[in-house]
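Using the sequences plus the hints, can you model the full thing?
Protein chains in written order, with this note's numbering: chain A, 1 to 385; chain B, 386 to 769; chain C, 770 to 1169.
Please keep in mind that the hints were generated in silico from the structure rather than gathered at the bench. Any given hint might turn out to be false.
[Claimed, not checked] Just the calculated beta-carbon pair ranges, DEER-fashion:
id	chain 1	residue 1	chain 2	residue 2	range
1	A	Gly192	B	Pro583	56 to 64 Å
2	B	Pro583	A	Glu23	45 to 53 Å
3	B	Glu507	A	Glu326	26 to 34 Å
4	B	Ala744	C	Lys1001	43 to 51 Å
5	B	Arg538	A	Leu101	55 to 63 Å
6	A	Lys136	B	Arg538	24 to 32 Å
7	C	Tyr1052	A	Asp342	40 to 48 Å
8	A	Gly215	C	Leu815	50 to 58 Å
9	C	Tyr959	B	Gly526	34 to 42 Å
10	C	Asp964	A	Arg131	23 to 31 Å
11	B	Glu614	A	Pro328	50 to 58 Å
12	A	Lys49	C	Glu924	47 to 55 Å
13	A	Thr47	C	Asp963	51 to 59 Å
14	B	Gly526	A	Leu26	37 to 45 Å
Given the structure is predicted, the values throughout are model-derived calculations rather than measurements. Ideal placement from N, C-alpha and C gives every residue a C-beta, glycine not left out.
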Amino acid sequence: MAEYFGTAVEDIFNTMEERFLSEGTLDVDVTIGYNISGEGGGNWKVTIKEGTLKVEDADGEVTDCTAVLNANAETFVGVTLGKLDAGEAFSSGNIKVDGDLTVLVAILPKAFKPFKPVIKASAIVESVEERFLPEKAEGVDIKIGYDLSGDGGGQWTVVVKDQTCTLKEVLDDDCTVIMRMEAQVFVDLNQGKLDGGTAFSSGQVKVDGDIGVAGQSASLFEKYVAEGAAEEEGEELISLKCVPSINQRYATGPTMGKWFDGLKEKKFFASKCPQCGRTLVPPREICAQCRVRCNEFVEVGPDATVTLIDVVYYASPDPLTGKIRETPYTALFMVLDGVSRDESFAHDLNPKDIDRIKPGMKVRPVWAEKRMGTYRDLLYFEIAD
Amino acid sequence: MGIEMKRVAVCAVAQHKCDSNIWHKRFQGMLLDVLEDIQKQTGMHFSEEGGVRSIVSASDDVFDARTISDNGITDVIGAHYREEEKMAQESLNALGYAMSIILSGHEDVVYVAGHCKESQGESRNVCTNLSYDPFYGRAMGLDYTNVAALQARAYMEKSGLTEEQMAKVVVRARQWAEKNPYANATEQVELGDVMYSPMLCDPIRTMHAYPVSDGAVVMLLASEERAHEFTDNPVWLTGFGSCMDSYFLGDRDLASNFALKQAAERAYKMAGVKDARKEIDLVEVMDCYAYQQPMWLEGLGFCGDGEGAKFIDEEGPAKYNVNLSGGMLAGNPIMTSGLYRMAEAVLQLKGDAGERQAADVNRAIAQSTTGGAGQFHTVVVLEK
Amino acid sequence: MAKKNRNVGIVGIGQTEYSSHKEHQNQAEMVNEAVRYALEDANITLDDIDCVLHGNMELFEMVFQPDMWHSLGSGAYGKDQFRITTGGTTGASLVCAADNLVASGMYDVVMAIGMEKLQEGHTTGGITNMADPLWFRHLQTGALTATTATMMMDEFGEERAKKAAMKYRILMDKHACLNPRAHRRFGLEYEQADDLMNTSPQLVGELRLIHMCSQSDGACVMIFASEKKAKKMCKTPVWIRDHITVHREETFNNFGIEMPEMTHHYAARKLFERNGIKDPVEYFDVFEMYDPSAWWGLDWAREFLLLKDDEHIKLLEDGEFDLDGKLPINPSGGVTASNPIGATAMLRPAEAAMQLRGDAGPQQIKKKVKHALASGFGGTLWSVLMMLEKDLDWQEVENG
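Shown next as structure tokens:
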């Protein structure tokens, strides 16, 4: 079976039930489709509804879901295990998502415990030769037999002689000691999840031959570390997450103060440069071009002509509130009536006009019912027709 | 270091009066006021031919609570379609950098503009706490005040500085501040007011500390060839030096003035000063806390190591015309204090210091510091 | 403007790898890594450094005066130090400052450090924070806008513009794949262009995820010396010929019915005029441009090179921006490949200098590289533009 980073694609789906965090999904109702291409790939449909999980194999491409993820097997496994950067896989097009991307970003981490690669008994045994420590085997001449039953099991003989180690895929008759157990018990013992004494006395492990040798043999080999589990063995990094917050008291000054006073009255005030005559909106104390103080105010707008349109899909945090902005939203660049042709003003568009808006159109402001002289007084602009 | 250098002139300075809460102006308003002031003094303009084409600003993103803090003030410092670089550092360093722009031949005239509002954020100590590394220093709650307190204690041990001597420093600062139209704290106090003021951070009392302040200062620098276009009475920047000490408090001897001594040495060498006591007529030091005045004066060489306390009793500060502006103790904002120190030195050298004018001022020093317990110091030498 | 007091050479360059996963280093350690590489490259020690320059955008990592903490790794202990920050242009401003400081005679050897650890903050939120808190911070979306894409599609037709932007993007990725330090190396092929054009998620309008720069951690250090010292210290010093910085007013008010000259164009005009460069495409052998997105990179090629109409698109379509073309752009992969913001604008002259030295590694241009152009970008559409030369033969200043 095809494996990437020591893991098969189906391992990830086969473990979804046991990794499912029901409490994190009580208010969720989504379906997620997975189309994994390449060797070892497949198609799956995952339904998460109000704390319950259903994982189904699908025949052929899955399409009709809240979100559908398409990727090749290696990328899918790599990103799941954290061996490949999700952001880069996504940016480079190696992962494509149809439908609601936020489902994957917001719901998956709440719904499942992270996948840890399954360690197979056969992988442990079959790596003995690489993990052998010859310096520890001076004078050692033994044959250790393994008789492991169940998934990932098998029969092997490990021959240690003359400071070399050889693995045979049969169980020899003349082993110094034979250990018999379920493959999963073997894995748990090896990874320290089950203690040897308990395993032996509870009858989970049966030993034929020299028990003493069984105990000593562990010191002849380096610990087995699965490819995907490497992070756990590494250096522990201190990671600190903190949101510092310092309250600020901003001054408007008289010029910006005039702007906000104007908003209260549903009026736009621009400052005018006494030297070049251009209008600045929102008004500013100085004309940056002439470097002279602008003391004169003129009322402009309220309507404007649209010059450029930005439809924003990327959800970023609003630094003033900390909340993530709802997308998509449309930002307009416009020239207010009565303002110089080279001075644009920017604001949002009424969402209802997102499909109709075009450059050159006239727009008018929409005001909040209650206005208090802040940026919240002006809600957005809408098409003036 | 370097070759025989030409001189850089400070043509004019304009200061905004410091106050603990300039709620009625934003940075742009403060800087526009001083721009108009300096334009009136010098006739400077920003035209492409012959005008100011290079600006050095000084401000800080954390105190301004604004990413790219110079972006907000571009318009009022004339930087539209001009060169501008921002010193994200104590403002006195802007002078050293502006000097290099002129000495390198890149530009002949440089406009320097610094601003800061300590009153904008709810706590300047929370801001300075952010200077420490997140895992240890910050978590311990270090900020520039409590770290200064550690240094104050170390210095008091070394020099024998007493409560009464520190109070003398504050009383004198207020006396001079009263004569300075740009100073913040001008209320007169007596020794007892200071000595028995509440403890802020032992051994620093509330009256030993500089008040929360807002302000802005601008200056016009020019090459020797062009200074006359802006003033009949230029002042010359002849020496500059700065120096960084260690970051970890445990690596430092807090009372040693390591960084200040080196910064001063380099500035003096550039200016050709051999003995500060004999050659310097006026000193402006950035004394955020009372103990810093005698300590920084030691570092600058006006008295011997550990003799700062004696220096106070012997009226050393009066003798050397120290902080006739009232100093930082009278209230300047943290990132802009260096320019306020410099401004007073310039006015004194020009003979424009009004009521505060000292006699026979030919050579002066301005000093500033930043980082916890003066981790970093800057020294500038000026002459008539 | 007076004659330059003395010439300034680049004698050492050090860069960390750029990535989004530098959890194994704190900020001071990351700075130190690049400092060590630069000192090694220059074959000097900290004792030879007279002054340190530091820059980054501290509101990303939310550290006040980070040069204090970073002194653990920057080597600034006991030395003069300046800290200059100008948003995205920081790295380039540091190079301009180093040039001014060394040329002035105040210092002989200056080390400039640009760094950023974007993973330790929120990049788009941090950029949005540059807007005035009372008006516009509630509207800005970091550095994301499709206005340039829209204007290019209007001018050249939707299909040609989109194809050109994608070709530029893929070209940048091909260059990045040659750069061992680049953050993002996707291995894109031109055959993918149509697919990516239509399926890469939209960020804003036609600005798609694939077009946009990365958010990287990393540090870049460069060492500068006076002409006399540079010639003694270094086998292949390369020279800073000239630089210009152009800022713009506080707000993004330039999208009106008439649009002002872009600072990129103004900078190029002034710089080339005062240096007698009549045809930049002919004169320069490489251009390391600060290109935050494929659309901007392509549009600004026209601005910086003072081209007209669709000359820039033709150059791209004819392969002239490729490594073996007439004027290779971003052999390093540019900003879409690596973007540690405080350092990004320094990477441009650093990579250009390496091309001049002939040791840029796998991304080295095969033809002889004698004249280089490098740009920085940031703020409200500010530009920094500088010229670097392999030889000192453009003037005869021979002192210091």
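Against the structure, the hints:
1. Gly192/A to Pro583/B: 56 to 64 Å: The hint (56 to 64 Å, Cβ to Cβ) holds, given that Gly192/A and Pro583/B are roughly 59 Å apart.
2. Pro583/B to Glu23/A: 45 to 53 Å: 52 Å, holds
3. Glu507/B to Glu326/A: 26 to 34 Å: Holds, at about 30 Å.
4. Ala744/B to Lys1001/C: 43 to 51 Å: Holds, since Ala744/B and Lys1001/C (Cβ atoms, about 49 Å apart) stay within the stated range.
5. Arg538/B to Leu101/A: 55 to 63 Å: 57 Å Cβ-Cβ, so the 55 to 63 Å window holds.
6. Lys136/A to Arg538/B: 24 to 32 Å: 58 Å, violated
7. Tyr1052/C to Asp342/A: 40 to 48 Å: 32 Å, violated
8. Gly215/A to Leu815/C: 50 to 58 Å: 55 Å Cβ-Cβ, so the 50 to 58 Å window holds.
9. Tyr959/C to Gly526/B: 34 to 42 Å: 57 Å, violated
10. Asp964/C to Arg131/A: 23 to 31 Å: 44 Å, violated
11. Glu614/B to Pro328/A: 50 to 58 Å: 55 Å, holds
12. Lys49/A to Glu924/C: 47 to 55 Å: 50 Å, holds
13. Thr47/A to Asp963/C: 51 to 59 Å: Once the Cβ atoms are compared, 34 Å apart, the range 51 to 59 Å for Asp963/C and Thr47/A is violated.
14. Gly526/B to Leu26/A: 37 to 45 Å: 40 Å, holds
Violated hints, listed in ascending order, are 6, 7, 9, 10, 13; each of the other numbered hints is respected by the structure.
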